[in-house]
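Participant: Residue numbers (mature numbering (1 follows the signal peptide of the UniProt record, and there is no 0)): -19 to -1, 1 to 192.
I should point out that these hints are in silico values taken from the structure, not numbers from a laboratory. Glycine residues also receive a C-beta, built at the ideal position from the N, C-alpha and C atoms. A couple of the hints might just be wrong.
[Stated by the list, open to error] Here are the simulated DSBU-like pairs of lysine-lysine, each with C-alpha atoms no more than 35 Å apart in a straight line:
1) K22 with K35
2) K22 with K65
3) K172 with K65
[Unchecked claim] Each pair of labels, with its calculated beta carbon distance range:
4) G44 with N115: 25 to 35 Å
5) N191 with V134: 22 to 32 Å
6) S163 with E17: 24 to 34 Å
7) E165 with G98: 33 to 43 Å
8) G103 with V134: 24 to 34 Å
9) G85 with P125: 20 to 30 Å
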Amino acid sequence: MKFLNSAVCVVLMSLASFACDKDDDKNTDTPQPDLEVKAAKDIPANLEEGGTPKFTYYSLRTGEIVNESAANSKQWDLAFSGTKILVNGGASGPGEGAALILEGELFDEVEEAPAEGYTQDGEEVLAIPAGSGNGWYKYTGGEPPIHAILPIVGRVIVLKTGDGKYAKVEIISYYKGNPDTSTEEFADPEKREGRYYTFNYVLQTDGSRNF
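Please take these sequences and the hints and turn them into a complete structure.
Facilitator: Set out below in structure tokens:
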């Protein structure tokens, strides 16, 4: 009888161990896939005649230009006009948009959005600062290539979108077709067509700050 009881105990312990192993398998965290780096190409940022700003509204979620009629909605995240970039928040829109700029960072190595430090657009000052050296670009002036707008390497825009999610953005080019800025052709201001943004971005839609 003792032998029978021992055998039953061994079987029960084995079944319990197997059940625990199955539970452990269920509780194992599934690695999250890397978020996709998306590219926006040749987004126009033209001005009206006389230099009046005319903004192009863009949705990071859809990857498409948003009709100007939706400017007072949360449908867009960034708006472009010349070298100015608006966020959908504060003075520029009804959304939760805000931004900060990281300096000396590689886009691919920014794995988490900062928890604080964001600002929204004001009436006079933008969350993504305008002016050479202040935000995402520098103006070359008389230095070659002359009179060019060039993105500053190592500057990453971290964004709160119109609906309060997080994104990181890297401006690649201000010129149509993303031309090679080291060529003789680009060196001629008459042969380059400006006010066309190309940029890379990653959008986190789950509400976390993880990229």
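Participant: Each hint should be assessed against the structure and marked as holding or not.
Facilitator: Against the structure, the hints:
1. K22 with K35: holds (19 Å)
2. K22 with K65: Holds: K22 and K65 sit about 17 Å apart, inside 35 Å.
3. K172 with K65: Roughly 23 Å separates the two Cα atoms, so the pair holds.
4. G44 with N115: 25 to 35 Å: holds (28 Å)
5. N191 with V134: 22 to 32 Å: holds (24 Å)
6. S163 with E17: 24 to 34 Å: Hint holds: Cβ distance 29 Å, inside 24 to 34 Å.
7. E165 with G98: 33 to 43 Å: At 42 Å between Cβs, range holds.
8. G103 with V134: 24 to 34 Å: holds (28 Å)
9. G85 with P125: 20 to 30 Å: holds (25 Å)
Checked against the numbered hints above, the structure breaks none of them.
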